[in-house]
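Spelled out from the first residue to the last, the chains are:
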Amino acid sequence: MLIFESTPSSIELKKFYENATIVQNQGWFEVNLDQRKLRTPTGNLFQVPSEPLALAIATEWNSQKDTIKRQAMHLSTLSNTVLDNPMQRSRKDIIKGILHFLETDTILYRTTEPPEFADLQKREWEPVLEWLRSSYQVELESTTSLMPPEIPANTTHVISRKLTSLNDWALVGFQYGVENLKSIILMLGITDKLLTVEKAVQLSRLETVFQTKTWGNVDWHHDADIYQLQSRVAAAALFVHWCSNDMATTHKTTYSDQT
Amino acid sequence: MASQQKLNLGRLLFKRLHREMQTTINSKEKLVDTPAFRYIVSQFKEHQVTSQKLCKGQNEVIMVGQTYLCMLESLRKAEELAQRYKTTERTVQESANLVGLQVPSSSSVDNK
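Chains as they are written, first to last, in my numbering: chain A, 1 to 259; chain B, 1 to 112.
Simulated from the structure, these hints should not be mistaken for lab results. Virtual Cβ for every residue (Gly too), placed ideally from N, Cα, C. Fair warning: there could be bad hints in the mix.
One side of the interface only, derived from the structure: several residues of chain A facing chain B at Cβ under 10 Å [said to hold, decoys possible]:
{"no.": "1", "residue": "A20"}
{"no.": "2", "residue": "R70"}
{"no.": "3", "residue": "A72"}
{"no.": "4", "residue": "T144"}
{"no.": "5", "residue": "L146"}
{"no.": "6", "residue": "M147"}
{"no.": "7", "residue": "P148"}
{"no.": "8", "residue": "P152"}
{"no.": "9", "residue": "D219"}
{"no.": "10", "residue": "A224"}
{"no.": "11", "residue": "Y227"}
{"no.": "12", "residue": "L229"}
{"no.": "13", "residue": "S231"}
{"no.": "14", "residue": "L238"}
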C-alpha cells in the first residue's frame, strides 16, 4: 500500500511520480501513477466508470507541481467518496440528504428589505423558479417569512424521482453540487443545461454580490470564495454528466441497497 | 443561431482549453500527445459543424468544454490569489506584542 493514503491531509506530500495515465480494465478505467495503480485512501483499487472522467483525473494528478494539493483535486476526491463510502451512506441516505436542501433552497427565500435587493432577487431568481415549475410540472412558491416554505408533496415526489434516476456516481456528484450551491434548484439548472456554472454560483451568492456592490469587494475573500465555489460546482457538474448512464460504459451499482 | 457563430464559439473554447491545459499540466510530453488533450480534440472533431444536423451534439461538447474550462480556470485563479495573499499565522505571542502586551510566563488557567 502506498504511503499517501494514510497521510493526514495536513502533511504536504511531495510529487512522487512523473506521469499519470489511464488504463481500461473490464469496463472500468483505472489511473496509473507511473507504473503503480492509484488506490483510494482506504486502499481500494481506484476505478471510475467513465473515460473522460478518468482522463480529467489523470490530468489532476499531472497538474501537481512539487507537492500534491489534494484539496484542489475535486474529481479524485469525489471518486474516492463513491468508492470508499466513508460515511457508510446508502442511496436512500444521500437522496434524503439532498431533498433536505429543498426546504432551505436559496432561491426560495426572498426578502422585502431593502427594495433594491428584493427586486434583484425577483429578477434573477424568479425565472429559474419558473423554469423549474414548467420543466418539471410542479408547484413551488418562494417565501418572505422566516419559516420554511410549504413544499407540496407532489413536488418533493417528482424531484425525488429525478434523484432516484441518477446512478450512484452521478448521485454523489449531484449532492456535492447541491451542498456547495445550497440549492437543489440551481444544481438542477446546471444539469439540465439551463445555467452555466458561473451563473449558478452567482445566483447562489446573490446577497454577497449585492452587498459587495454597495460596500466594496475584497478580492482575497470574495473572489477567492467565487473561484473555490466555481471549481467545486464545476467538478460536481462534470461528475454528474460524465457518470450518467448514457455516458458511462457501465453502471454497476456501487452501493448495495435497493431503491 | 448561425452555425458560423457556433463554429467561432467552439474555436474560442478550444483555444482557451488548450491554453489552460498548457499552463496547468506538468508533463515531459507535448500537450497534443497527452491522452486527455487528444480526447478533447476528438470530441470537437466528432461534433464539427458539417451540416444542420448534430446540433445537440455540438451544444453538449461546448457546454461540457465550458464547464471543464471553468473548473481549470477557477482552480488556477484560486491558487493565484492564495499565493498572492499568503501569510503565516501569527502566534499568540506576536499578536499580543502588536498591542504592547505580553503573554504571561505561566498560565493561571491550569490551576486545579
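Do the hints match the structure? See the list:
| no. | hint | verdict |
| --- | --- | --- |
| 1 | A20 | holds, 9 Å |
| 2 | R70 | violated, 13 Å |
| 3 | A72 | holds, 5 Å |
| 4 | T144 | violated, 33 Å |
| 5 | L146 | violated, 33 Å |
| 6 | M147 | violated, 35 Å |
| 7 | P148 | violated, 31 Å |
| 8 | P152 | violated, 31 Å |
| 9 | D219 | holds, 7 Å |
| 10 | A224 | holds, 5 Å |
| 11 | Y227 | holds, 4 Å |
| 12 | L229 | holds, 8 Å |
| 13 | S231 | holds, 4 Å |
| 14 | L238 | holds, 6 Å |
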